[in-house]
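Going down the list, the sequences are from chains A and B.
So the number in the numbering used here is just where the residue sits in the first sequence, counting from 1, plus 642.
So the number in the numbering used here is just where the residue sits in the second sequence, counting from 1, plus 276.
Rather than coming from a laboratory, the hints here were simulated on the basis of the structure.
Here the structure is a predicted model, which is why all the values come from computation and not from measurement.
One or more of the hints may lead you astray.
A few chain B residues facing chain A, derived, Cβ under 8 Å [what the hints assert, rightly or not]:
no., residue
1, Ser278
2, Asp280
3, Arg282
4, Leu283
5, Ser286
6, Lys370
7, Arg371
8, Glu375
9, Asp381
10, Met385
11, Gly414
Ideal Cβ positions, reconstructed from N, Cα and C, are used throughout, including at glycine.
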Amino acid sequence: MRETPLSNCEREFILNNIAQQRRLDGRNAYDYRDLRIAFGVSLGCCHVELGKTRVLAQVSCEVGDPKQTRPHNGVLFVNVELSPMACPAYEQGKQSEEGIELSRLMERCLKESRCLDMESLCIVSGEKAWHVRVDIHVLNHEGNILDCSSIAAISALAHFRRPDVSVHGEEITIHTLEERNPVPLSLHHMPLLVSFTFFSQGKYMLVDPSLKEEKVMEGKMVVGMNKHRELCTLQVTGQMLLLKDQVLRCSSIAVTKVTKITELIHQALENDKQARLRGDKHGFAVLVSGDKVTSNRLPTTEVSVEKTEVSMEGQSSEEDSEDQSATNNGADISDKPDESTSKSSAVHILTKGVGMIGEGGPSTWLDLPQAIEKQQKVKKRKHRPAKAEEEEEQESSEEEEQVILK
Amino acid sequence: MSVDIRLASSRPAGADLYHGENPGNIVTPGDIITADTGFMRGHGTYMDDECLHASVAGTVERVNKLISVRPLKTRYNGEIGDVVIGRIRELAQKRWKVETHSRMDSVLMLSSVNLPGGELRRRSEEDEKMMRHYLKEGDLISAEVQNVMSDGCLSLHTRSLKYGKLGQGSLVCVSPSLVLRRKTHFHNLPIGASIILGNNGYIWISPTVQDKSEESGGYETNLQPVSKSDREVIARLRNCVLALAECKMLLFDTCIIYTYEASLKYPVKDLLKPEVVVEVVDLVRQRLELEGS
């Protein structure tokens, strides 16, 4: 099913904000979203969350025939699966253009960079070799599935262990996992893809686009690099022309990002290894917290509540910064009632179970002539809060306080 | 900015909201409709183990020997004569592809629109090249369904002066099952706004245009700034429509006007709060029941 297109207003809004260096989620132009890497119980299973984009990669291997042109090498398969679970626009089974492009880019990133030592995957030259298969499933598409898939694929390859093989003359034994410990794949380096999106004919550039930003972009450049500053992949798509210094600048940004992400991957691998050695709980179950029914997680946002009294004497301000977590609503309200009788309350209780923090100010959107005059009149008067239930007001709120949220 | 915090325990229970009579015959996916093999199966059903099961959640309809399940929540299925609001998604040869919240994009043929310069002009090559000047990607139009093709794709037309490109206003998207098929879908409300109730669930609220003297085929959009009072009315109407949609009330012009009147005692942005929504829609429901009986 095709998805609903963005309306013209939304498109203009996003582009105007990008022109003023603002992104919808408040990031800077070169910031990545929160990256979380988790490994599953089975070896070679990696789940990566980049903001809300989620990708699962699974590595598996089996013995097969090597390619006739390369008898000493193993074979690597890379496959990216786009299913309706990721986005309703994708169809199950049928490979869309986007799916083919992603698969090709992932293949180029992993194969042509020669990150995996293919000769070590050979068992008997010309007859038997390991076929390593990387299956990447996109679980949720909130923008930038390419970066997420590359992180997941490399982490899964680094995490995977293949069965040990011993050769005695003519006899080859492939040991089961119980007989001998499985052996890791030999990864020379970790190539990672970084996506850059361009807007307004190449004037503005963003790293790690979200879904809405991807929908309004004009062109995209993908740079594949490893932390040793070696360029592995480069692809430019879209309707714009890039200058040489733009390409160079993007690659230098890519180096810093790739270094940071590689460190994160190594740390996650190390944590997983330690957890397995100690016998601790490991796998995806660690991601889910035990005190909630749902596994949905919202990042905490810091909100600072500055209260000013608009009076003739002057302005007194108290700063009250609070951590607002969407899951801790009950706890916040129960803490506040004893404070609400004093002047320094942040939460106004409206009715049973409903509280309000902050006070809406006059609208800053309208720039019509009559609206500007009216606003000036309102600012001179004291701002009166418009609440539905007047009887529930506390004594503190009778003093008209203008609360400005930063 | 003000942030509202609500305790989950004080949310109104869902059972309180439903006041109508039980329509009966509601099935959920997997329910067995009948074990009798004499029936033919229609849309929304499947055969499993000699029994007829429902594959969607909805009401069972039986016409002689045909059993089908009409789903409660579905994409828009067009009928001839429906008024729809759509957004131009792309331009193809001699046609526009319009997105109307249905399973496939609807089609607006070049021969089905009013071109400036009279009705009976022949569509030439020039017209094809100038298509983007009439309607381009992202534009909103109101149109009527002329034909339903065999694969379910709708063919639209704007061959009347009341259809065409939409100018300034606010679009609200609700479920298509909430908009009834009525005689007119274009209403000029007495409060100073016009509303178009599209059968596909898209509702267009715009300020009333005072003089409808000359229309050049519906392509000229009025871009004069809209006054603040009109904007407030439109914002309030939008919140009213969203409140009705949240309580699953059917949408028609009297219902919307009643909701508007009941909402006047609240400021516009308070209409987005769940408690206010429940209260306002309760008032409207009572008033409609009084008038109906």
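Violations among the numbered hints:
6, 7 and 10
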